[in-house]
Amino acid sequence: MYLRPVIFVLCTVLTLIAAGCNGAQELDEVAYILSVGLDAAPNNQLAITYRIAIPTTISGVEPSQGSSKKSSVVVTVIAPTMTDGRNLLNSIISRSPKVFHIKTIVIGEELARKGLSDLVSSVMRFRDYRETIILAIARGSAKDLIVANQPELDVLPSRWVESMFQSYYESSYYLRADLHQFYKRLKNETGAPYAVVMGINPLSGKGQAENRPLGEDKGRAYIASQIPRYNGNPVEVCGTAVFKGDKLVGFLDSKQTRALSILLGDWKRGFMSVEDPLLPTKPVNVNIHLSGKPAITVDISSAIPAITIKLSLEGEFTAISSGINYESEDYKVLLEHQVSNTIFEQILDMLSVTQGLGTDVVNFGYYIRPLFNTIQALEAYNWNSKYPEASITLEVETHLRRSGLMRKTMPIRED
Amino acid sequence: MQYQTGRMGTAEGIGLAVIMTITSVFSSSPSFILEKMGPLAWVVPFVAGTLIISAIFLLAYTFNRFPGDLVAITEQLLGKAAAKLICLYYIFVFFSIAIFLIRELTENTLLIALPYVDLNIASLWYGLGAAVIVYAGLESIGRVIYLALPFIIGLILFSLITTYPLWEVNYLFPWQGYGLNTLVENSVGLTGMQAGVIILTIFAPSFQTARTIKAAAMFGVGGVCILHSFIFVVFIMTFALKAGSEKILPLFEIARLVYLNRYIQHIESIFILLWVTIGILSIAACLFTCLFLLSRLANLATIRPLIPAITFITVELSRLPPDITLVVKLASKIYLSHFFGALIFPIILFIAAIIKGRRKKACTYVR
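Line order of the protein sequences matches chains A and B.
Be aware that the first sequence starts at 1, since it is given in the working numbering, and climbs by one per residue.
Be aware that the second sequence starts at 1, since it is given in the working numbering, and climbs by one per residue.
Rather than coming from a laboratory, the hints here were simulated on the basis of the structure.
There could be a bad hint or two in this list.
In silico DSSO-like pairs for lysine-lysine, Cα to Cα no more than 27 angstroms straight-line [as the list claims (entries may be wrong)]:
no., chain 1, residue 1, chain 2, residue 2
1, B, K80, A, K187
2, B, K247, A, K187
3, A, K218, A, K114
4, A, K244, B, K242
5, A, K293, A, K386
6, A, K247, B, K247
7, A, K332, A, K310
Just need the whole structure built from these sequences, with the hints factored in.
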């Protein structure tokens, strides 16, 4: 008789209690860590730097008298592990530290060269860390980089990270390198892990590396902290950190990174300034993109594997300083050849660096998988040991299909 | 008078077939199968599904010739003792599925959603939730699942498809994985895991005809197999073999990876919602079947007084293994033993039905 009312009450109570509010914390009880920096410290310790959000500033609440308008604070602790660092952080800040909104983990160069296996294993296992976190290598100290990072266009450093890695394809001078791809390449049969490079620029406009331009490219190649400039956020993102196993072994500069992006099939579009084929002192600007994924084949029938890459690019003119009529079919071929040659040399340069380092960062090994019947056979072939010896054939074809908003260039009147 | 389950059609049948097979999608099984099979893992659900559907079709053939449910037919074909034995065996099958589901779901809830909840309280809530649904009956469970099915499938597909930017097709190669010889072993394991679909034949008289059961098995199990296989394909393309084999909750990890832009990310809460809904309904269906078989065995008029007791026993037993590793290990061994109930026993019944059918014919001829 009372069964139905009892079930009704039970269901109502169940709905209220099982609503998932168990363990909930109010916003003003937690401290959201936005980025973590890790450096090697003496006695096998880690210097762990946390950038923590200040929610009231972000929400637009007017700060009380005497309090700062900063959107985040930075704390560095020395601890043997990240877990212990988090415990120590709890003794420093009044709120409960939460890591599930971390956007980037920055590793100091020294620590990265020692190996990241300890770090990666703890980050991949604990639920609060996500594989979408950006993994960055700081040229120098991660602590200094996190402290120096003062984004001017974004309220928060976390938003700065998101915006940076959503717009990476504008130049492809850096890649969207997250924990997911790093770990996948670290564990699977082929491919070398890579991470993005960050550095602090001296903002002096000089004293930068004198990288020679490759091919007919007017622009020079840089790694983060080398870009010649004066103002803005001192922190910059440029280039790629290349790993062998879990250890950092080298860096790719901006042009090599773009070449890597092209071979990964990840290059959305990008501007290039190449020498004018007929008037080398003048630049010709083009906007180029891949017209399809690169056609990559690997022949493993002989002792030395042969990699063949066929690239097809297309694009449009954005500036012709010399006024030469490159829109016409006869001249256009010259410019197309110029672009192809530049990309060709930059790709070969990148490949020679990675072959020298013994790191298949393009993951050519990915293309040999269909050639084997079983995993055992694939593992026995040991692609990573063969990559440095592989011969490479590269074909680049460029079609400049559009001439921008001008159909031809009329000469400037001579007075 | 025995307890009756009501009338069910193809829709309820599909719902039941789905709920008894789809839970494997949410568990650690894809990761275990991937580790053993390599890139060929995506074939396993098809082989397991084909075996299960064949078993149901064999039983449907038997039902066409001999009326009654699975226990009644066993009694007619193999005798009373065999019927009681089979009844006990299937009680064990559904009871063990319910026990492992409660423990795995509880552990996973603590692992990813509510880390600070007490294990005992969480498992008790799962048991309580399932018990309340058992009161509503199997027909209601089947209908609820059928109605929820478009949302369940839709949300799973959404999670899968939104990882598209991370797919790398060549990770599906080498196509034989660790070798074709491992295919049979793993397919048997997955077939055992999906033994719960026998529920369709246990409640056979509640369905309109044997054709209804066949349709339910075909669309329900077939659909889940396609989905399961697609999950494998996406999982392999996204994580590849080695990194994928480490994951304890593959579908959850896929959902966690979704990052389309700053506004579409962190969507794993969809997964948790689905997983708890499906889990509780699945536990309820298993408990209901246990109770029904108990009522058949002991010739009880009703099952309702037994619901709290059986639920409590299930929850208590689910808490016995000391850690999740042991639970998963135990579960995989016991699920392997379910292969008998999923395939061997239906084949035995089918052969017995053919032999008895011939004798009947012979007898008619003489008369």
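Cross-check of the supplied hints:
1. K80(B) <-> K187(A): Since the Cα atoms of K80(B) and K187(A) sit roughly 56 angstroms apart, the hinted pair is violated (cutoff 27 angstroms).
2. K247(B) <-> K187(A): holds (13 angstroms)
3. K218(A) <-> K114(A): violated (37 angstroms)
4. K244(A) <-> K242(B): holds (17 angstroms)
5. K293(A) <-> K386(A): Status holds; Cα separation ~24 angstroms.
6. K247(A) <-> K247(B): holds (24 angstroms)
7. K332(A) <-> K310(A): holds (21 angstroms)
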